[in-house]
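Visitor: Residues per chain, in single letters:
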Amino acid sequence: MTASPGSDLDGYGSAEHSVLEVEDLVVRYGTGADVLRGVSFTLAPAEIVGLIGASGAGKSTLLRAVQRLVEPSSGSVRLGGTELTTLGTTELRSARRRMGMIFQEHALIDRLSVMENVLCGTLGRTGFWQAVRRRFDEADVSEAFRLLHRMGLEGFEDRRCDELSGGQKQRVGIARALIQNPDLLLVDEPTASLDPAASVRIMTLISDVCRESGLAALINLHDVPLARRFCPRILALHEGRLAFDGPSLDLTDDVLTAVYGEEAVESHVVPTPGSEVGRAD
Amino acid sequence: MRTEAAGAWRPPPRIASATTRRLLVLGGGAYTVIALVTIDVDAARMAEGAARAVDFFGGWLRPDFVTRWSDIRAGLVESLAMTLAATAAGFVLSVPFGLGAARNLVPPPVYAVCRGALAVFRAFHEVLVAILFVAMFGFGAFAGFMTLVVATVGFLGKLLAEAVEEIDAAPLEALTAAGAPWLSRIAFGVLPQVMPRILGLTLYRLDINFRESAIIGLVGAGGIGATLITAFARYEFESVSAILILIISMLFLAEVVSGRLRRRLL
Chain L
20 MTASPGSDLD GYGSAEHSVL EVEDLVVRYG TGADVLRGVS FTLAPAEIVG
70 LIGASGAGKS TLLRAVQRLV EPSSGSVRLG GTELTTLGTT ELRSARRRMG
120 MIFQEHALID RLSVMENVLC GTLGRTGFWQ AVRRRFDEAD VSEAFRLLHR
170 MGLEGFEDRR CDELSGGQKQ RVGIARALIQ NPDLLLVDEP TASLDPAASV
220 RIMTLISDVC RESGLAALIN LHDVPLARRF CPRILALHEG RLAFDGPSLD
270 LTDDVLTAVY GEEAVESHVV PTPGSEVGRA D
Chain G
399 MRTEAAGAWR PPPRIASATT RRLLVLGGGA YTVIALVTID VDAARMAEGA
449 ARAVDFFGGW LRPDFVTRWS DIRAGLVESL AMTLAATAAG FVLSVPFGLG
499 AARNLVPPPV YAVCRGALAV FRAFHEVLVA ILFVAMFGFG AFAGFMTLVV
549 ATVGFLGKLL AEAVEEIDAA PLEALTAAGA PWLSRIAFGV LPQVMPRILG
599 LTLYRLDINF RESAIIGLVG AGGIGATLIT AFARYEFESV SAILILIISM
649 LFLAEVVSGR LRRRLL
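For the record, the sequence lines run as chains L and G. Just so you know, we're using this note's numbering here: the first sequence kicks off at 20 and counts up by one. Just so you know, we're using this note's numbering here: the second sequence kicks off at 399 and counts up by one.
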């Protein structure tokens with residue numbers, strides 16, 4: 020655990036049987052300052068971890084660096100024991116298939132149908148001509164139907180994605196990530212463009228599917244009450260460093276002040292454990 | 399609150415110095431006068447031309463579709479064939495060049511080669527390219543077809559590259575994150591985003607190519623242009639009128655068809 024007052028629970032931060040191990044990760048854009056400054060943590064199988072922090076703290080960069088959508092400047096990222104930072108193009112593509120990613124603004128292809136968008140999650144294992152001719156494997160198509168049913172989008176298969184609401188789009192994004200059959204789910208601000216009720220529904224869905232399939236998840240959330248409610252463990256970033264790693268119950272005023280600053284906590288912009296403002300439940 | 403000066407407000411001048419502004423106006427005026435004086439305005443030639451213009455416009459009022467109909471029909475069919483074939487071939491060839499010339503998709507050396515090639519394709523006017531191809535392949539429709547292909551690739555390739563550079567990067571990133579290979583990322587993440595624009599531009603290029611097919615025919619590259627220049631050379635202004643009316647009608651028809659296609663496809 021890192022700078023986490025009263026959060027010394029056994030098992031946190033253990034690299035044994037972990038899905039993801041991040042060690043001393045540094046990311047620097049160009050010649051500028053470091054965005055991530057030596058971040059280390061591990062994720063156990065089926066563990067749901069919330070990632071919080073102020074804007075610019077490096078939350079999205081951390082998720083993208085795990086996927087190597089941004090190249091780490093130094094440090095190590097291991098997925099199920101495989102070191103990702105040194106992989107070549109082909110091996111990296113294989114490794115990425117084991118990490119499902121859910122994006123803030125859905126990142127769907129609006130002009131394609133819901134089914135096509137979901138099946139895009141299988142492009143890593145589907146041949147190019149097979150995919151272009153829309154001859155996806157029958158097992159993948161059946162799984163896509165099952166996931167759409169699970170997401171509450173039954174009957175939406177042939178609808179174009181630009182006809183869907185924000186919440187529906189996010190559920191298509193979740194189905195696309197899950198059809199990869201990943202070991203780990205990386206979720207980048209899934210509720211950023213949703214109203215509070217839709218946010219709770221989406222977080223409930225993500226949390227439920229992770230529990231059902233024993234899937235580990237690292238969820239970047241700007242909403243602290245949502246993170247507390249749905250993530251038993253919280254990582255908090257402050258200026259690119261891990262300022263807290265522990266159970267959500269230990270997210271005290273002091274920790275939130277260290278992460279967001281005194282002004283944000285005092286004005287209840289970031290609700291503290293005793294505060295009712297902004298609580299989702 | 400300052401209200402008394404509101405009526406006196408003027409936008410600041412684009413050129414701050416009043417002296418520079420006056421000098422620019424004076425310089426522009428002087429240049430125009432000198433340019434007009436330099437042009438050799440010959441009243442006698444204008445009078446002679448006016449008589450020919452009366453013949454020419456008189457011919458417009460009496461279009462003759464019959465006398466040269468077989469030549470006109472052959473020219474139109476050739477122009478249409480050149481236009482359709484060149485637009486289709488140009489569209490297909492423009493895709494690899496357009497993707498290669500998009501900075502966000504390819505490494506810098508590929509970008510430089512494809513951008514350079516597209517710049518060469520667009521460097522010369524179609525008439526110059528047609529003269530070159532006529533010299534290479536001889537008179538006829540093949541030279542015209544090649545000319546229009548080059549022009550179409552230059553036009554569509556550049557606009558496709560620009561469209562690709564403006565796409566929403568998020569879906570492409572999502573496909574990268576799913577482990578999709580490059581070709582699948584292009585097919586699913588890029589082309590669906592740019593295809594409506596490219597299809598619209600291709601239909602627009604079809605119009606342009608039909609018009610260009612008439613122009614390049616004037617230098618021997620086949621099509622209705624060759625029929626037109628022959629009619630001009632024979633002073634058959636009635637046939638010229640018929641040909642021009644047919645070209646305009648074809649363009650109107652193309653406009654209607656492309657409008658319907660655009661609505662259906664997009």
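For the record, the hints were derived by calculation from the structure and aren't laboratory data. Every value quoted in this text rests on a predicted model; they were computed, and no experiment measured them. Mixed in with the good hints, there may be bad ones.
[Said to hold, decoys possible] If you anchor each label on the Cβ, the simulated ranges turn out as follows:
1. G:Arg662 - L:Ser74: 43 to 51 angstroms
2. G:Gly425 - L:Asp53: 28 to 36 angstroms
3. L:Ala52 - G:Arg520: 38 to 46 angstroms
4. G:Glu653 - L:Glu176: 50 to 58 angstroms
5. G:Pro411 - L:Glu258: 45 to 53 angstroms
6. L:Ser74 - G:Ala428: 38 to 46 angstroms
7. G:Arg595 - L:Ser74: 50 to 58 angstroms
8. L:Ala216 - G:Pro411: 48 to 56 angstroms
9. G:Ala487 - L:Ser113: 22 to 30 angstroms
Using N, Cα and C, we set each Cβ at its ideal position, and we do this for glycine too.
Visitor: What hints, given by number in increasing order, does this structure fail?
Guide: Violated: hints 2, 4, 6, 7, 9.
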